[in-house]
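Taken in sequence, the protein lines are chains F and D.
At position 155 of the first sequence the residue is numbered 155 (UniProt numbering), and the sequence of numbers has no breaks.
At position 90 of the second sequence the residue is numbered 90 (UniProt numbering), and the sequence of numbers has no breaks.
Hints listed in this document are in silico derivations from the structure and should not be mistaken for laboratory results.
Every value quoted in this text rests on a predicted model; they were computed, and no experiment measured them.
Among these hints, one or two may not hold up.
To be verified - Label-pair ranges, simulated between beta-carbon atoms:
| no. | chain 1 | residue 1 | chain 2 | residue 2 | range |
| --- | --- | --- | --- | --- | --- |
| 1 | F | L58 | D | K101 | 34 to 42 angstroms |
| 2 | F | R147 | D | D4 | 43 to 51 angstroms |
| 3 | F | S33 | D | T93 | 45 to 53 angstroms |
| 4 | F | L80 | D | F112 | 15 to 23 angstroms |
All residues carry an ideal CB built from backbone N, CA and C; glycine is no exception.
Spelled out from the first residue to the last, the chains are:
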Amino acid sequence: MAKAQRKDRSEVQDFESATIVSELMQIADYITSMREEIAALRPNEMSRDRIPMAHEELSSVLQATAGATDRIMAAAEALLLLPEGPAGRPGLDEHVNTIFEACAFQDITGQRISKVVDALQSFEKRLDRFIGAVRARDAISSDPVERARQERAETLLLNGPQDAAIATSQDDIDALFA
Amino acid sequence: MALDLSMPILVVDDYQTMVRIIRNLLKQLGFEEVDDASDGTAALARMKGRKYGLVISDWNMEPMTGYELLRHVRADEGLRTTPFIMVTAESKTENVIAAKKAGVNNYIVKPFNAATLKSKIEAVCGS
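When you get a sec, could you build the whole thing from the sequences and use the hints?
Pasting the structure below:
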């Protein structure tokens with residue numbers, strides 16, 4: 001009787017050991033696969049090169065657009081002060097040329113924005129692959145600053161500019177105030 | 001429509017370029033008395049010190065938004081009759097309806113042109 005019980009216990013222990021080993025192997029495989037997926041994300045390249053590049057490019061765009069806007073507005077304001085008639089002609093040419101030159105910012109900023117868009121598309125592809133591989137789900141944000149920002153935006157209706165296709169038109173707004 | 005071109009106007013926007021654009025457009029329309037503030041808190045402080053014939057305000061500013069400014073103005077016995085135009089990129093219908101409920105006199109979506117600004121000022125302030 002006791003011998004039979006010992007044999008049963010030993011078989012149960014063998015079965016449990018085999019199960020544990022099998023589960024540990026699955027976990028090891030999962031960790032290996034996860035490491036490969038994280039490596040495929042190339043997170044170091046993102047944080048070391050691509051994200052700082054995007055920051056720098058967007059900062060340059062901001063500076064270029066602000067500078068161009070300032071030059072264009074200054075030229076337009078100067079145009080308003082010109083004397084009428086032939087006396088104002090030289091000044092007119094000068095300020096109009098300034099406006100043309102200032103508009104050249106669009107070429108450079110367009111190229112800078114294209115670089116940022118390329119980087120974002122690359123991140124998107126890598127993240128999509130990672131999300132699919134690990135079946136990631138979003139957790140509720142635990143960052144109090146981010147939560148406060150979201151609550152403020154919701155309470156004060158800070159929706160920001162809308163896509164033209166869904167934005168309320170000025171005509172529709174005017175109808176509300178008619 | 002006759003406009004009182006001597007009335008002081010307060011432009012509230014945290015983006016100095018937009019303040020400059022609106023100032024120039026108002027100047028073109030003949031308004032000379034234009035003050036500005038960079039958010040609702042600064043605007044309220046200015047409104048306590050001077051009676052304005054019109055407030056033209058952006059929505060999205062910090063710390064006090066234009067929407068909060070509007071509600072403060074409408075809740076203040078001494079300021080509640082001040083004409084108020086919202087000039088904003090907030091173009092969702094819920095924003096327009098909320099502003100209307102809060103007592104805004106008119107609403108302009110950015111980007112806008114001089115003719116739109118002029119027609120709204122005339123609609124709100126014209127006698």
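Hints, verified against the model:
no. : hint                                 : verdict
1   : L58/F <-> K101/D: 34 to 42 angstroms : 37 angstroms, holds
2   : R147/F <-> D4/D: 43 to 51 angstroms  : 47 angstroms, holds
3   : S33/F <-> T93/D: 45 to 53 angstroms  : 47 angstroms, holds
4   : L80/F <-> F112/D: 15 to 23 angstroms : 19 angstroms, holds
Going through the hint list in order, the structure satisfies each hint without exception.
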